[in-house]
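The lines below spell out each chain.
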Amino acid sequence: MSGIDYAVLIGTLLVIALYGWWKTRADHDLGHYLQGDSSIRWGTIGLSVMATQASAITFLSTPGQAYESGMGFLQNYFGLPFALIVVCLVFIPIYHRLKVVTAYEYLGQRFDQKTRLLGAFLFLLQRGLAAGITIYAPAIILSALLGWNLRLTILLAGLFVVIYTTTGGTTAVSHTQKWQMAVILAGMGVAFGMILYRLPDGFSFLQAVSVAGKMGKLEAVDFSFDFQTRYTFWSGLLGGFFLALSYFGTDQSQVQRYLAGGSIVGSRFGLLFNAVLKLPMQFFILLTGVMVFIFFQFEKPPIFFNQPAYERATQSAQAPRLASLQTRYDQAFAQKQTAVRSLTTALASHSEPAIESATSAVLRPQKEIEAIRGEVKEALKAADPKIPTGDADYVFISFVLNYLPHGVIGLLIAVIFCAAMSSSASELNALGSTTVVDFYRPLLHPNASDDHYLLVSKLLTAAWGGVAISFALFANLLENLIQAINILGSIFYGSILGIFLVAFFLRFVRGSAVFVAALTSQALVLFLFYTTKIGYLWYNVLGCVVVLSLSALLEKTIFRARSLA
Amino acid sequence: MNDMPKPDSQSETRVPLFGTWRRAYLAVVAAFVVEVAFFYFVSRYFS
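Taken in sequence, the protein lines are chains E and V. Numbering-wise, the working numbering puts 31 at position 31 of the first sequence, and it's gapless, one number per residue. Numbering-wise, the working numbering puts 41 at position 41 of the second sequence, and it's gapless, one number per residue.
Since the hints were derived computationally from the structure, they do not count as laboratory data. These numbers were taken from a predicted model, which means no experiment stands behind them. Warning: the hint list may mix true and false statements.
[What the hints assert, rightly or not] Quick partial rundown of chain E residues pointing at chain V, CB under 10 angstroms, derived from the structure:
# : residue
1 : Pro81
2 : Leu89
3 : Val211
4 : Ala212
5 : Val221
6 : Val265
7 : Val276
8 : Val456
We treat Cβ as the ideally placed atom computed from N, Cα and C, and that holds for glycine.
Next up, chain E with everything else stripped away, as it sits in the complex (with noise of 0.2 angstroms):
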């Protein structure tokens, strides 16, 4: 990185965190703090919310699992606007009747302070270790790849957050998130330009395009009632429904973010936004990663993309190993950039015989450039088993590392950060605002002033800083951050959002009932997930079915007789 890419990313990132501070310089409101003001429109909502969601692990995973594995991963979000139009019937009328800061304050409302406290705890725990995973991830490949200390990377990720959430609240939140998400997005798109620029001469997008197609990376819907593969259709409307349901509807780093504002047609409009937008956005932010999967048809790319690790893995005793890969690989990829080359010969005669003997000359040496990573990756465990054998993280940024010129590298790790930063800015806010309305305030100090609250809830906001940025610093997950948050997540969600599927629709389950549901629904959850192989997607569903049967069985039988006794 040159000194115009650090001024391009200090100032994007110190101009976003000082406007979050102006914006709410003057502000010294509970209500605001905690719910927004009314300056929070339906469009900043949306972005807000889409801002939450989209981690830097999204910005740095999604391309190279298309580069990987094609567009299949859309299909996960299948499931997603049927379940914002879900949220938006069911739960934001009542959130907003009952004026709720908080998902959990519901759950008081409809059972008792125990199944408040519950849903409220299990949050807490989930969304506090994720706080530091979203933190952790991007720091550790740009640390990696830049040569930077890690732990300064964590520090300078952490803290502008910790600074502009705390000092400003929802409001700055909201308002930061909008500019980011700009930025993402403005960013996203130079480097699907750069990429095309970068195609060799004569070489077009549709030509690109239709390469890609012939070699396996465009599959982006598959109807089959296959259970073996992971993203079909069906899996994706189905398996997402529950996720983006629970997420959505109860994790209350959402929920606070479509409640800014106060107005119940905002809210809606800020969720709408996203049940059109979502797919567009994670289509576009895959076809960048085929794009790049393209751009090395014709450029030789590393054998293995996270190099820090291929290094180390060179200085062993499988330094021979290694060398005679690299010269089985050089030799496959010449042959496979001479096939693509035909390959665009024959789609430009449109003669299908043709295209069909190309293709085929094409896909034989990418399935024993398949192989040599994937014996490459093999002695690298045997080098070093700590060594991550994934790399399809670090594929697009070694692409922009590496090809795009400078000022748009800073945009782009800038870009990485302001993804980190608006996710764990949502993150932070909830979690102080959930401490403060759900523990704090009726279980410590319950008559206290407003301007009390004020400083209690941006002392504990400023506290979860600290702990995710804590959990960061110590964290050593090298492998799999994506699928850590996932599976955390899924871990948790499914007993949340049974507890308000009964709260919302069995109208004579009450709080003991559903209290001890959920208990055993999160209990046998953990058993399976410490005893059992079962995909981590399926948590969600067994989560919330058990939560639902459980708590009418109970109600209908040992509760049932207690409150008749």
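Since chain E is already given, all that's left is putting chain V on it; use the hints.
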């Protein structure tokens, strides 16, 4: 049980752009169908 979901009749009458919330939700479903059809077309056409 006042907290059960109810039709939001008051806000139903003044929804910008769409007129009613029912139309807004139908528009979202229609957008989803169009988007998936586009993704499917891209998958099939270029494979």
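Hint by hint, here is what the structure shows:
Taken as an interface hint, Pro81 (chain E) checks out: its beta carbon lies about 5 angstroms from the nearest beta carbon of chain V, inside 10 angstroms. This hint holds: Leu89 (chain E) has a C-beta 7 angstroms from the nearest C-beta of chain V, less than the 10 angstroms allowed. The beta carbon of Val211 (chain E) is positioned within 10 angstroms of a beta carbon in chain V (closest approach about 9 angstroms), and the interface hint is therefore held. At about 7 angstroms, the closest approach between the beta carbon of Ala212 (chain E) and any beta carbon in chain V falls short of 10 angstroms, and the interface hint on this residue holds.
A least Cβ separation of about 4 angstroms between Val221 (chain E) and chain V falls short of the 10 angstroms threshold, and the interface hint therefore holds. Annotation: Val265 (chain E) was flagged as interfacial toward chain V, and the flag holds, the nearest CB pair being 6 angstroms apart, inside 10 angstroms. The criterion of a C-beta within 10 angstroms of any C-beta in chain V is met by Val276 (chain E), whose closest approach is roughly 5 angstroms, and the hint holds. A distance limit of 10 angstroms between C-beta atoms decides the matter here; for Val456 (chain E) the minimum to chain V is near 28 angstroms, and the interface restraint is violated.
Consistency note: the structure conflicts with earlier hint 8 alone.
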